[in-house]
Amino acid sequence: MLEEYARYIDRGTLKELESLAKELKGVKVLHVNSTKLGGGVAEILHRLVPLMNDLGIDCHWEVIRGDEDFFRVTKRIHNLLHMPGERSLSHEDILTYLRYTFENLNHVDTDPYDVVIVHDPQPAGLVIKRRRGQKWIWRCHIDVSSPDEETWKFLETFVNSYDAAIFHIPEFVREGVRIPAFVIPPSIDPLHDKNRELEEDFINSVLERFRIDPERPVVLQVSRFDRLKDPFGVIEAYRIVKRRLDCQLVLAGSFASDDPEGEEVYREVLEAKGDDPDIHVLNLPPDSHLEINALQRSATVIVHKPLREGFGLVVSEGMWKGKPVVGSNIGGVRRQVIHGVTGYLVNSTEGAAFRIKQLLTDEDLRKRLGESARERVRHSFLITRHLKDYLIVLHTLLKVG
Amino acid sequence: MPEFRFRSELWTAQYTGVKVSTLGAFLKALREVDDDTVYYHLYRNMFEYHFLPTDYWNSFSYWFAENGFPVLAEKFSALDLIECVCLSDIREEMVRILEREGHSFDKICKPFYFIRAVRRTVDLGVVARDLSEFKEGVKKVGIHSLFYHLVTSRLVHCSPVNDFSRWLTEIGEERKAREINRIDLISYSLYDLRNRIIDILES
Chain A
1 MLEEYARYID RGTLKELESL AKELKGVKVL HVNSTKLGGG VAEILHRLVP LMNDLGIDCH
61 WEVIRGDEDF FRVTKRIHNL LHMPGERSLS HEDILTYLRY TFENLNHVDT DPYDVVIVHD
121 PQPAGLVIKR RRGQKWIWRC HIDVSSPDEE TWKFLETFVN SYDAAIFHIP EFVREGVRIP
181 AFVIPPSIDP LHDKNRELEE DFINSVLERF RIDPERPVVL QVSRFDRLKD PFGVIEAYRI
241 VKRRLDCQLV LAGSFASDDP EGEEVYREVL EAKGDDPDIH VLNLPPDSHL EINALQRSAT
301 VIVHKPLREG FGLVVSEGMW KGKPVVGSNI GGVRRQVIHG VTGYLVNSTE GAAFRIKQLL
361 TDEDLRKRLG ESARERVRHS FLITRHLKDY LIVLHTLLKV G
Chain B
402 MPEFRFRSEL WTAQYTGVKV STLGAFLKAL REVDDDTVYY HLYRNMFEYH FLPTDYWNSF
462 SYWFAENGFP VLAEKFSALD LIECVCLSDI REEMVRILER EGHSFDKICK PFYFIRAVRR
522 TVDLGVVARD LSEFKEGVKK VGIHSLFYHL VTSRLVHCSP VNDFSRWLTE IGEERKAREI
582 NRIDLISYSL YDLRNRIIDI LES
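Protein chains in written order, with my numbering: chain A, 1 to 401; chain B, 402 to 604.
These are computed hints drawn from the structure, not numbers from a lab. A quick note: this is a predicted structure, and the numbers were derived from the prediction, not measured. Among the clues, some could well be false.
What follows is a list of derived Cβ distance ranges for each label pair [unchecked claim]:
no.: 1; chain 1: B; residue 1: V557; chain 2: A; residue 2: H289; range: 13 to 21 Å
no.: 2; chain 1: B; residue 1: Y589; chain 2: A; residue 2: H107; range: 51 to 59 Å
no.: 3; chain 1: A; residue 1: H339; chain 2: B; residue 2: Y592; range: 22 to 30 Å
Every residue gets a Cβ at the ideal spot worked out from N, C-alpha and C, and that includes glycine.
Model the full assembly from the supplied sequences, consistent with the hints where possible.
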C-alpha cells in the first residue's frame with residue numbers, strides 16, 4: 001500500500017518510513033475516536049490505520065458508543081473548548097459524559113495494546129482504564145487556545161493522566177498540560193477519493209448535477225454546516241465581490257453523526273441564501289468524496305473562513321488541487337497558507353472579499369500561488385509525513401532505537 | 402576502500418512549554434533552551450519550505466519581521482549556517498546580534514513558541530564502496546538523507562566538512578570533496594542540491 005505513494009513523494013522518503021518502522025514491528029496500537037464517518041479524524045484514521053499495519057505495526061481502530069444525549073454533550077464540550085459560551089457545562093452534562101465513559105470502558109477493550117491513541121474529548125475519559133506498561137496518547141484535533149476555562153479544567157484532569165498529548169499547533173497547548181506535548185499537524189491522503197485525480201467528464205457531470213455553470217467563476221467553501229465555519233460570513237464576502245464581479249458561490253457540506261446542530265445551521269444558511277440562484281448550498285451525504293473532489297478541482301478560488309478551527313484540512317485539500325486558498329488568519333489555517341505564496345490569510349469578511357476579487361481577476365496569480373500550494377502540501381501535509389510523525393512519537397515513548 | 406553508509410534524519414516537533422511575548426524574554430529563552438530547540442527553529446524552513454519563495458530563512462526571522470524588528474529579521478536570516486559548525490557558536494552569534502541591534506525589549510509582541518526537534522536517525526541500508534555506488538546512493542536516497550549528511554553531520558562532528566566530502570577525501574577525490582563542501586546549501590532546494598551533487602560527481 002505504501003508503494004502507491006511513490007507517485008507523489010520520492011522513493012527515498014518511503015524507504016525512510018520503512019527504516020523507521022523496523023523497530024516497531026509487532027507493536028500493538030489502538031486508535032479510539034467517536035465516529036467512523038464524517039469529519040477529518042475519521043478520514044485520517046481510515047488511511048493511517050492500514051498504513052501502520054502495512055509497516056508491520058499491529059494497528060486497530062475502535063469507535064466509542066453513545067446516543068443523541070451523549071453526542072449533544074460532547075458537541076457542547078467541543079464548542080466550549082473552541083470558545084466560551086453563554087453557560088459552561090452543567091452537572092447533568094458532566095454526569096452524561098461520565099456515564100457514557102463508564103459504559104465505553106466495557107465496550108472498548110484497550111488491555112491487549114502497547115499504545116492507545118485517543119482522539120479528541122469524546123473518548124478522553126477512557127484513560128482511567130490504563131494499565132501498567134501501556135502508553136496512552138491523547139490526540140487533540142481542535143483549537144483549545146481560548147476555551148471555556150471550566151470545560152477545559154474538566155478535561156485537563158483526564159489529559160494529564162496520559163503519557164503524552166499531540167496538538168496540531170503550539171498555540172493549542174494549554175498551560176495546564178503537564179505531559180509531553182508533541183506538535184503534529186494532520187494530513188490529507190492523495191489516494192483518497194477526495195483527493196485523487198479525476199476525469200474531466202466526471203467533474204463536468206458533477207457540476208451539471210448541481211446546476212453549477214462551468215463557464216463562470218466559482219468560489220467554494222467546503223465545510224460542515226457549523227456556525228464556527230462562518231458560512232454566513234462567506235455569503236457576505238461573496239455579496240461584496242458580486243457587486244463588481246460575476247461569480248457563483250458554492251457552500252458544500254454534510255452532517256456528521258456526532259453533530260446534532262448541523263441540520264439547524266443548514267436551514268439558517270438556506271435562509272441567508274434567499275433567492276440568489278448563484279449561491280449553491282449543497283448538503284451532501286458524508287461519503288460524497290468524489291463530488292467534493294470535483295467541486296474543489298472546478299473551483300476558481302477556494303475559501304476557508306472559520307471563526308475557530310482545529311486545523312481545516314479542506315485547506316490542504318484545495319491546495320493539493322493547485323488552488324490558491326483565501327483562509328482565516330487563525331489556528332491551523334495559517335500554518336497551511338503562506339500569505340502571498342500559496343494563498344492569502346484574511347482577518348475579516350471584507351478582507352476575504354478583497355482577496356477573492358484579486359484572485360478572480362488575475363489568472364497568472366492564481367496559477368503561481370496554486371502551484372506553490374500543491375508543493376507545500378506535497379512536502380508538509382500528506383499522510384506519509386503524518387505517519388512519520390506518529391512513528392517518531394511511538395519510538396520516543398516506547399524508547400526504541 | 403572505506404564504505405559509506407547512507408543515513409537519514411527524521412524529525413517531529415515537541416513544544417518546550419517556553420512561550421515569550423517580548424524581545425527581552427526571547428533573548429533570555431534563546432540563552433536557555435536546549436540545542437535541539439535552536440536547531441528546530443534554524444533549520445525547519447530548510448527542511449520544510451526550501452522549495453518555496455519565502456521571505457526569511459528561519460522561524461526567528463519571521464517572528465522578528467511580524468513584530469516590527471525588520472533589521473533583526475534580516476540579520477538572523479543572513480546568518481551563514483554553513484559556516485557555523487557548532488550550534489553553540491550560532492547561538493552565541495544570535496545573542497550578540499540581539500544585544501547589539503535589539504531595542505524595545507519590553508514591547509509586547511505576538512507570542513513565540515519554542516519548539517524542540519525530536520530527532521531520529523535511521524540507517525537506510527544503502528552502502529557505497531566506490532564512487533559509482535556513491536553516485537547511485539545519492540540518486541536513490543530521500544532529500545532528508547541529503548540534509549543529514551550535508552547539514553546535521555557537520556554539527557554532530559563540529560566539523561567544517563560534511564559527511565560526503567569527508568568520505569570523498571578518504572577515497573582520493575579531493576576536488577569533488579572540495580566542490581561539494583563549497584555549495585551554498587541555502588541557495589538551493591534540497592532537490593536542486595541533489596542534482597548539483599550528481600553533476601559534481603559526474604564531472
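Report task. Check the following: the C-beta atoms of B/V557 and A/H289 are separated by a distance inside 13 to 21 Å. Result -> Violated, at about 45 Å.
**Report entry** C-beta pair B/Y589, A/H107: status relative to the range 51 to 59 Å that was hinted
**Finding:** Holds, at about 54 Å.
Query raised in the report: Using the C-beta atoms of A/H339 and B/Y592, is the stated range 22 to 30 Å upheld?
Result: Because 24 Å falls inside the window, the suggested range holds.
Comparing the model with each numbered hint stated earlier shows that hint 1 is the single one that does not hold.
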